[in-house]
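Participant: Fit chain Z to the known structure of chain A by using the hints.
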Amino acid sequence: MIKDMLKLFIENRKALAGVIILGLFILMALLAPLLAPYGPKQDSDDLGRFPLMAAPCDAHPLGTTNAGYDILSQLIYGSRVTLTVGILTGLLTSFISLSVGLFSGYLKGAADDVISFITNIFLVIPSLPLVIVVASYVPMRGVVPIIVVLALTGWAWGARVVRAQVMSVGEREFVKVAEVMGENSLVIVFREILPNIISLVMAIFFTSTIAAIIGEATLEFIGLGNVSTVTWGTMLFWAQNNAALLMNAWWWFLPPGLGIGLLGTSFALMNFAIDEISNPKIRKR
Amino acid sequence: MKYFLRKLFWFIFALYIAVTINFILPRLMPGDPVSVLVNRLQGVDENSMDAIRAAFGVDTEKSIVTQYFEYLGNILRGDLGISTSNYPHKVWDVVATALPWTIGLMGIATLFSFLIGTVIGIVIAWKRETKLANGVLGVFLFIRSFPYFWFGLILVYFFAFHRQLFPLGGAFAIGVTRADGWAFVRSVIYHGILPGLTIAISSMGYWMLTIRNNMINVLAEDYIVVAKAKGLPLARIRNRYAARNAILPSVSGFAMALGFVISGSLLTEMVFSYPGIGFMLYQAVQQQDYPLIQAIFLFIAVSVMVANFLSDLVIMFLDPRVRDGGKQ
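Going down the list, the sequences are from chains A and Z. Going by my numbering, the first residue of the first sequence is number 1, and it counts up by one from there. Going by my numbering, the first residue of the second sequence is number 1, and it counts up by one from there.
I should point out that these hints are in silico values taken from the structure, not numbers from a laboratory. C-beta atoms are modelled at their ideal positions from N, C-alpha and C, and glycine is treated no differently. Check the hints yourself; a few may be wrong.
[Stated by the list, open to error] Just a few of them, taken from the derived set where beta-carbon distance is under 7 Å, the chain A residues facing chain Z:
| id | residue |
| --- | --- |
| 1 | 118 |
| 2 | 121 |
| 3 | 125 |
| 4 | 178 |
| 5 | 181 |
| 6 | 214 |
| 7 | 218 |
| 8 | 241 |
| 9 | 253 |
| 10 | 257 |
| 11 | 264 |
| 12 | 268 |
[Said to hold, decoys possible] Straight-line alpha carbon distances no greater than 35 Å define the calculated DSBU-like cross-link-like pairs of lysine-lysine that follow:
| id | chain 1 | residue 1 | chain 2 | residue 2 |
| --- | --- | --- | --- | --- |
| 13 | Z | 127 | A | 3 |
| 14 | A | 176 | A | 3 |
| 15 | A | 14 | Z | 131 |
| 16 | Z | 7 | A | 14 |
So that you can see chain A by itself, here it is in the shape it has in the complex:
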């Protein structure tokens, strides 16, 4: 079942494109020290200090910042945190969505009522403003609070979708049979129901990862991240704070945004492929 899915996934052109883009980004993050011409915060080398706010040239293919940092190197090193935070947050968010959805969907009754109630509250409260408010109270600036805050505010939608799906799968005959045979609830949830909603879980993971990547960049852009680390979000923060736009320094704010967008696109492509695979109506003939 999962193997079939993987096969379809590789055969689907959109998914393949997504996997390739993501693979390239992962490679870039892993090999950052080899690929980057300089350190992310290096402002000089043997030949002397780097020029400030330099347009792209041979020595600096993507130009430099107002502090003389090489933007290509920042872009390459920045992919590390952006990618890690995005994927970790995506995983954490989907894990919460999945556990909450599975339990409230399968248990039903009072437990479900309580969980649904909480889910609805989280659904209704607008998450970005909440994230900003929470992040502005948290005195610690860095990656961990961002992951926690994004995951805690982002799980509700997924939980609701999983719950609906679990409820419908739970009515199918093979689940009823397992129940009659006296299987333990946990076994039913993980053995019988979970494999049937794998595509949904993957869709939730992709969606929440895109949301996390954009959410992280957003928080850092506002200055609520740790502005001393180099990520695509903080690159945009510094570009904006130093009026890169008004200095005509397009090479400063264009690459990090493109990076975020491409990374997001790769997840969107995989997500779209999942949709096509799991929903035959959307699939072309």
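Facilitator: Just chain Z, lined up with the frame of chain A:
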């Protein structure tokens, strides 16, 4: 009626929860907003200081329960405290100056985005086998993956900085005032185009995808096949039979996503220095003006909830199945 009452109850309860979260958050956090406040306001006399503490609802001599009820009472009376960064102005007055800007910009941008996105979605679902439809879909999927504030930056760079077709930011030209009448209105519209476009384009993909997926599901229904077999005009099948049935989730999404658009306008306003709620929140965060941050959050939460409530009502009117209590 039962449906309405249930929704009304839910609305009021959610509102109450949002207010309570607003009360709990600053007290739950390890940081201490009050000490920030005290530091900021050095030079303010002791009486005003007490007034601000009271306004913020943090009075260490009172129990947390008393504080909570005083806080609820203040909110019911519309008293949101005093803004520390705009001292001595009341938070409510500060928020009120920003509100019309956000509502105007957001309202118009959202409406256009919804209408255009929905129409595009209907068309590309109808013609989904064509290259053009797939291309349009791809472009929107691509745009959706970018942070919208970055998208705004790019628009500013090209159309305001480079080509100088539009202003770099603000809501109206310096020197123009309300007294100028039409000149003022023109200036406001001119300044609203780029931020409006940013919001509209970044959210359009959502409307397009929502209606597209629904259209495709509806198009597979038997009655569409029958209608086609009967030889009804295709435009009629598309608009009356398919789109009409597919649009319901979009309409409820329209209200649901007002939350997203408010959040979207938040950063757009920041990029364009547009004097709305979002820009104000950004400034409040930078200046650690906690009463103002709380009030803006509360305001955004309330507007999303109102939007949700309205969407439930719209659904109730549009969908007889819901109106009759959801029974088959």
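Participant: For every hint, state whether the structure bears it out.
Facilitator: Here is what the structure says about each hint:
1. 118: Hint on residue 118 (chain A): violated, closest Cβ of chain Z at ~10 Å, above 7 Å.
2. 121: It holds, given that the least Cβ distance between residue 121 (chain A) and chain Z is near 5 Å, below 7 Å.
3. 125: 6 Å, holds
4. 178: 28 Å, violated
5. 181: 31 Å, violated
6. 214: Residue 214 (chain A) check passes; min Cβ-Cβ to chain Z is 5 Å, inside 7 Å.
7. 218: With a minimum Cβ separation of about 6 Å from chain Z (threshold 7 Å), the hint on residue 218 (chain A) holds.
8. 241: Hint violated; residue 241 (chain A) Cβ to chain Z Cβ min 11 Å, cut 7 Å.
9. 253: Constraint on residue 253 (chain A) satisfied, holds at 6 Å.
10. 257: 4 Å, holds
11. 264: Holds, because the Cβ-Cβ distance from residue 264 (chain A) to chain Z comes to roughly 3 Å (cut-off 7 Å).
12. 268: 5 Å, holds
13. Z:127 <-> A:3: 33 Å, holds
14. A:176 <-> A:3: At roughly 26 Å apart (the allowed maximum being 35 Å), residue 3 (chain A) and residue 176 (chain A) satisfy the hint.
15. A:14 <-> Z:131: 14 Å, holds
16. Z:7 <-> A:14: 41 Å, violated
Hints 1, 4, 5, 8 and 16, counting from the list given before, are not met by this structure.
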